[in-house]
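A.B. asks: Chains as they are written, first to last, in my numbering: chain A, 204 to 705; chain B, 204 to 705.
Everything labelled a hint here was simulated from the structure, so no lab data went into it. Hints are not guaranteed to be accurate.
Remember, identical chains collapse to one label, so a pair may be satisfied in a single copy or spanning two.
What the hints assert, rightly or not - The calculated lysine-lysine pairs, modelled on DSS-like cross-linking and capped at a C-alpha distance of 30 angstroms, are: (1) 694 / 334; (2) 365 / 334; (3) 352 / 334; (4) 694 / 342; (5) 249 / 612; (6) 342 / 256; (7) 669 / 642; (8) 452 / 356; (9) 237 / 612; (10) 669 / 342; (11) 642 / 237; (12) 508 / 352; (13) 352 / 249; (14) 521 / 334; (15) 638 / 669; (16) 612 / 334; (17) 352 / 410; (18) 612 / 241; (19) 508 / 249.
Below, each chain spelled out in residue letters.
There are 2 protein chains.
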Amino acid sequence: MVPDGHSPSHSYDYDLLILGGGSGGLAASKEAAKLGAKVAVLDYVKPSPAGSKWGLGGTCVNVGCIPKKLMHNAALLNGNYVHDQPHYGIGVTPESIEANYGMTQDNTAATHSWDMLKQNVQNHIRGLNFKYRVDLREKEVTYLNLLGKFVDKNTIETVDKKGNVDTVTFSRCMIAVGGRPTPLNCEGGEMAISSDDIFSLDRDPGKVLCVGASYISLECAGFLRGIGKDVTVAVRSILLRGFDRECAKLIGEHMKDEGIVFREEVVPTKLEKVGEKIKVTFSNGESDEYDTVLAAIGRSGDTSKLGLENVGVAVNPKNSKISAKFEQTSVPNIYVIGDVMDGCPELTPVAIHAGKALSRRLFGGSNQAMDYRNICTTVFTPLEYGTVGYSEDEAIAEFGEETVTVYHKYFIPLEWSLSPSRGSHQGFCKAIVNKHTDKVLGLHYLGPNAGEVMQGFGTAMKLGCKFEDITETVGIHPTTAEEFTTLSITKESGEDAAASGC
Amino acid sequence: MVPDGHSPSHSYDYDLLILGGGSGGLAASKEAAKLGAKVAVLDYVKPSPAGSKWGLGGTCVNVGCIPKKLMHNAALLNGNYVHDQPHYGIGVTPESIEANYGMTQDNTAATHSWDMLKQNVQNHIRGLNFKYRVDLREKEVTYLNLLGKFVDKNTIETVDKKGNVDTVTFSRCMIAVGGRPTPLNCEGGEMAISSDDIFSLDRDPGKVLCVGASYISLECAGFLRGIGKDVTVAVRSILLRGFDRECAKLIGEHMKDEGIVFREEVVPTKLEKVGEKIKVTFSNGESDEYDTVLAAIGRSGDTSKLGLENVGVAVNPKNSKISAKFEQTSVPNIYVIGDVMDGCPELTPVAIHAGKALSRRLFGGSNQAMDYRNICTTVFTPLEYGTVGYSEDEAIAEFGEETVTVYHKYFIPLEWSLSPSRGSHQGFCKAIVNKHTDKVLGLHYLGPNAGEVMQGFGTAMKLGCKFEDITETVGIHPTTAEEFTTLSITKESGEDAAASGC
Ligand SMILES: Cc1cc2nc3c(=O)[nH]c(=O)nc-3n(C[C@H](O)[C@H](O)[C@H](O)COP(=O)(O)OP(=O)(O)OC[C@H]3O[C@@H](n4cnc5c(N)ncnc54)[C@H](O)[C@@H]3O)c2cc1C
Ligand SMILES: Cc1cc2nc3c(=O)[nH]c(=O)nc-3n(C[C@H](O)[C@H](O)[C@H](O)COP(=O)(O)OP(=O)(O)OC[C@H]3O[C@@H](n4cnc5c(N)ncnc54)[C@H](O)[C@@H]3O)c2cc1C
Ligand SMILES: NC(=O)c1ccc[n+]([C@@H]2O[C@H](COP(=O)([O-])OP(=O)(O)OC[C@H]3O[C@@H](n4cnc5c(N)ncnc54)[C@H](OP(=O)(O)O)[C@@H]3O)[C@@H](O)[C@H]2O)c1
Ligand SMILES: NC(=O)c1ccc[n+]([C@@H]2O[C@H](COP(=O)([O-])OP(=O)(O)OC[C@H]3O[C@@H](n4cnc5c(N)ncnc54)[C@H](OP(=O)(O)O)[C@@H]3O)[C@@H](O)[C@H]2O)c1
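The shape of chain A in the complex, shown without the other chains (with noise of 0.2 angstroms):
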């Protein structure tokens, strides 16, 4: 890093004023204050286009991972009781096996209510807000609910809900404003709403347009057919770009035989309101009538009337994000994190890691700085998609064909194997290893908690994790996980890997 002129002692109102209130400002708000210093963080939330509000926390706890991971255990939790319970036993009464020969059928789609969904997963996000405020004030960091714009490279100017004017000057700043979803930029673009409203929406969703075809969408398109809606994806191009390929096609398999409609290779051209409905016509001349349509199309860097220009702080075009290096920005007194930062990934927990090892550097002497290579990650589409690493495509692209071995199998999770309606699915795991050294380049992960079982491999990744590491580590049993431990047929043998029995 630059020296970036701070001295303890400034005349300033703040050692550290940090913009922006989401997971990775609270996160190094807190680690610097912990360090001494003194800090105020700025949290304004400017409404959705459609109007929806939320409190402290940002992103994540609002209207991002919180909410869509309560809606995905609902989908999951939907699917237990239609595909598995009555087969466990569960409701089932011996008149109603009598009935049906011996075998109870799968239960029929429950009744479902979307307003008590919505209704207890926005009270749970009302109790985090309400401890992210105890938090700040228990770490001794100032929370101020403001609305911040740079004056110059030590002063912010401040307007509250009210409109009143304020300045705060500050001897560093870290920017932590995050992003919002991109517009849908087409005729009636303005009737579509997005991640940001879907999640406390006051009616029941209906039928659901999702257009876009990455994490957000097929996330949402994922758990609102799991409670019952009828849903279809308008995809551009391909699904989840930037994952690997036969991963993100066995996802889009998996989705359609949950009964989700693709539709492939459009984009929305026009909307229009048609009665209650809107109706949207598609590039490829087709339309449809929905009740929602959810635009997910991307996100780009809550930056526009941030002030930059009046500082000198350059911003990508592209996505409005912020470029730095060792997360400082051109102007070596203002640092960036989380989603803002041009090139970070847009999770949570690296906004958080990268927010305090950044207030450690500031405050606490350390020199240890954030590394971005090898972060695990979750989709929780369906059926769940860990990974870890190179996708296949990346591994052979970098290290050519002559180098790359991949080893893959497919395994039916126990958990399923009750139930009939499960039947055609199946879990699917492969690690991606360079020939040569045995090193592994990528894991790839497709079932139930793949989150879960990531993470641990994550850190054995972080210890440069061999193949042999793993099929060296002894399997627990019964588990999903333990199948990285018994992968043996490569691709290029040409075996099956087709699931066997336990």
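Put chain B with the ligands on the given structure of chain A with help from the hints.
C.D. replies: For chain B with the ligands alone, coordinates are given in the frame of chain A:
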């Protein structure tokens, strides 16, 4: 290993005869056959004292891991039904919301059909038995459904179902006969069933007494309670001897919360038939009546009728197990793997791993010994427990109080957080660390999906993981596994390790 006299040009029937077609024997047989050896597996199931019988595959598939995990899953699914589903909107109608002032209550217990569960579990097992037979045939292993007994160090006498006697000869032998439940040794003890019988019980277990306080007893008590039975556990001394004391205590408290009755520091002294019930008198003079008494008081090596005296292989009289060095018994061409080997952790993947590694040494020129250290394991109690390495108590005993530091944390799994009746339940994790070297000595996790969470950390432990490697791993959010990556509070600090917000 000591030279065992094997030469490829011997004149015996088989290069390798394996006694016992369980987890270890089957894996070893297929590995040896793949390496070109002529292999036979002898497997014969002696009925339990209560008359239960089963097919090929040994304990794990028929009367162990597989039926246990499926019944544990039944209990989890039932818990989802009771505690979670209504709060996620499942089975909720607008009318039911109104009737409950805006909040649904938990579901009352669902009807549960033991018969359906048992039948589907048994059907699944039949399918696996069949797959194993096909698998052996495909891998060119001869399967002999015969009971074996040593005549001399190269000959086994076999008996078939009809009592026909024959012999089979071999150059090398692997003993993989596993163990059987220790019978309850008190007046009327024969009225108790064991884990050999519970998973195929052809009547509803009703009110159950589980005798014993280790793995098997607590897991069975857990799933029986989870599907709605009235369950009591008779504890002779402590819960889960050999495991971390703090974790064992939390598991016990959680089981009590779920409605399981613990009778502490008692053993049954007498069982007697009273009508349809079994009256059990305990060592403290108290008594009660049960429909089913399940004895799970340990397992002994299944060696009593093996004719080991004919070849001079010594057994440990305490547990009837065979001692060995690198899986080689005192008779050089006779090897032993799995549960029947003295000192071997009684776990399926251990038997499999040891068996494969041994076959590779015997027929593949390998010299890699089985590594029995840091084996990760999971206890499938209602609050699942995953662990690898030292318990806190063991670590302190071995390294001294001044060397060991413990990082710990309670957490509320997100998936439980919408369900008021889960309110008192928490997850817990801790890392036992060598203060001087930062090396992780042990990891402990209580919460959902414990096996899935622990597996990857098992690989990390194999790699000599330091505590910093875990906390420098970027988490996967939202998971419970990520709790390990944010451990920061040590026990000695006295700081509060209570669960906080997301
Ligand atoms: C639907 C969805 C699902 C997701 N799921 C996951 C997941 O499962 N796992 C995962 O790891 N990540 C997930 N993410 C990504 C994760 O939410 C983000 O990576 C994370 O929130 C980024 O944190 P941050 O601190 O950079 O920004 P944010 O959390 O976005 O916080 C920025 C804060 O700054 C405030 N702000 C903005 N401008 C100003 C200003 N001028 N003045 C004052 N305050 C301002 C904002 O209101 C906001 O509160 C998901 C995202 C979405 C949208
Ligand atoms: C209720 C229960 C739950 C369990 N849960 C788990 C778990 O969740 N995870 C886990 O890892 N482990 C678990 N275990 C332990 C696991 O089942 C054993 O560790 C594993 O089966 C041992 O394998 P093995 O090959 O040594 O012996 P076994 O699987 O017991 O196989 C031995 C075979 O030899 C046969 N045999 C015996 N004598 C003769 C003879 N004279 N001639 C021919 N055949 C013979 C037997 O019939 C049997 O088929 C559990 C055990 C029980 C009882
Ligand atoms: N589980 C998690 O950890 C999690 C969950 C959700 C989100 N996140 C984070 O949030 C970030 C944002 O996610 P995202 O899914 O919104 O965005 P994204 O990853 O940037 O993907 C955008 C998607 O929308 C499509 N698209 C872009 N412009 C379009 C247009 N005009 N019309 C139709 N389709 C268009 C893209 O298609 P093309 O492929 O054709 O460009 C792509 O499929 C992710 O990158 C991730 O880091 C993480
Ligand atoms: N999830 C898994 O991986 C899994 C699951 C199940 C089993 N297993 C394997 O199977 C093995 C056997 O398990 P287990 O639980 O049956 O046996 P165990 O671990 O040997 O424990 C025996 C239990 O019974 C008690 N006991 C012994 N004799 C008794 C008597 N006469 N009266 C009353 N109580 C008595 C012991 O109490 P004291 O403490 O007082 O001696 C102890 O609680 C385990 O060690 C394990 O390796 C693995």
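A.B. asks: Give a verdict on every hint.
C.D. replies: Each hint, compared with the structure:
Taking the shortest Cα distances, residue 694 and residue 334 sit within 30 angstroms of each other only across copies (24 angstroms), while inside one copy they are farther apart (50 angstroms). In this assembly of identical chains, residue 365 and residue 334 lie within 30 angstroms of each other by CA distance solely inside one copy; the values are 25 angstroms within and 71 angstroms between copies. When the C-alpha separation of residue 352 and residue 334 is checked against a cutoff of 30 angstroms, the pair qualifies only within one copy, where the shortest distance is 27 angstroms, while the shortest distance between copies is 67 angstroms. For a Cα distance limit of 30 angstroms, the shortest separation of residue 694 from residue 342 across copies, 20 angstroms, qualifies, whereas the shortest one inside one copy, 53 angstroms, does not.
For the homomeric pair residue 249 and residue 612, neither the shortest alpha-carbon distance inside one copy (47 angstroms) nor that between copies (35 angstroms) is at most 30 angstroms. With identical chains, the CA atoms of residue 342 and residue 256 are at most 30 angstroms apart within one copy only, with a shortest distance of 26 angstroms there and 63 angstroms across copies. When the C-alpha separation of residue 669 and residue 642 is checked against a cutoff of 30 angstroms, the pair qualifies both within a copy, at 4 angstroms, and between copies, at 20 angstroms. For a Cα distance limit of 30 angstroms, the shortest separation of residue 452 from residue 356 qualifies neither inside one copy, at 48 angstroms, nor across copies, at 55 angstroms.
Taking CA atoms no more than 30 angstroms apart as the test, residue 237 paired with residue 612 passes between copies only; the shortest distance there is 19 angstroms, against 47 angstroms inside one copy. Taking the closest pair of Cα atoms, residue 669 and residue 342 come within 30 angstroms of each other only across two copies (28 angstroms); inside a single copy the shortest separation is 42 angstroms, beyond that limit. In this assembly of identical chains, the alpha carbons of residue 642 and residue 237 lie at most 30 angstroms apart only when taken from different copies (26 angstroms versus 39 angstroms within one copy). Only within a single protomer do residue 508 and residue 352 lie at most 30 angstroms apart by alpha-carbon distance; the minimum there is 7 angstroms, versus 84 angstroms between protomers.
With identical chains, the CA atoms of residue 352 and residue 249 are at most 30 angstroms apart within one copy only, with a shortest distance of 13 angstroms there and 79 angstroms across copies. Within a single copy, residue 521 and residue 334 get their C-alpha atoms no closer than 36 angstroms, and across copies no closer than 56 angstroms, so neither meets the 30 angstroms cut-off. Proximity of residue 638 to residue 669 under the C-alpha cut-off of 30 angstroms is found in both arrangements, the shortest distances being 10 angstroms within a copy and 27 angstroms between copies. Taking the shortest Cα distances, residue 612 and residue 334 sit within 30 angstroms of each other only across copies (17 angstroms), while inside one copy they are farther apart (43 angstroms).
Proximity of residue 352 and residue 410 under a CA criterion of 30 angstroms is satisfied in neither setting, with 40 angstroms inside one chain copy and 68 angstroms between copies. In this assembly of identical chains, residue 612 and residue 241 lie within 30 angstroms of each other by CA distance solely across copies; the values are 28 angstroms between and 53 angstroms within a copy. Within a single copy, residue 508 and residue 249 get their C-alpha atoms as close as 11 angstroms, which meets the 30 angstroms cut-off; across copies the closest is 78 angstroms, which misses it.
Hint compliance for this structure: hints 5, 8, 14, 17 are broken, all remaining hints hold.
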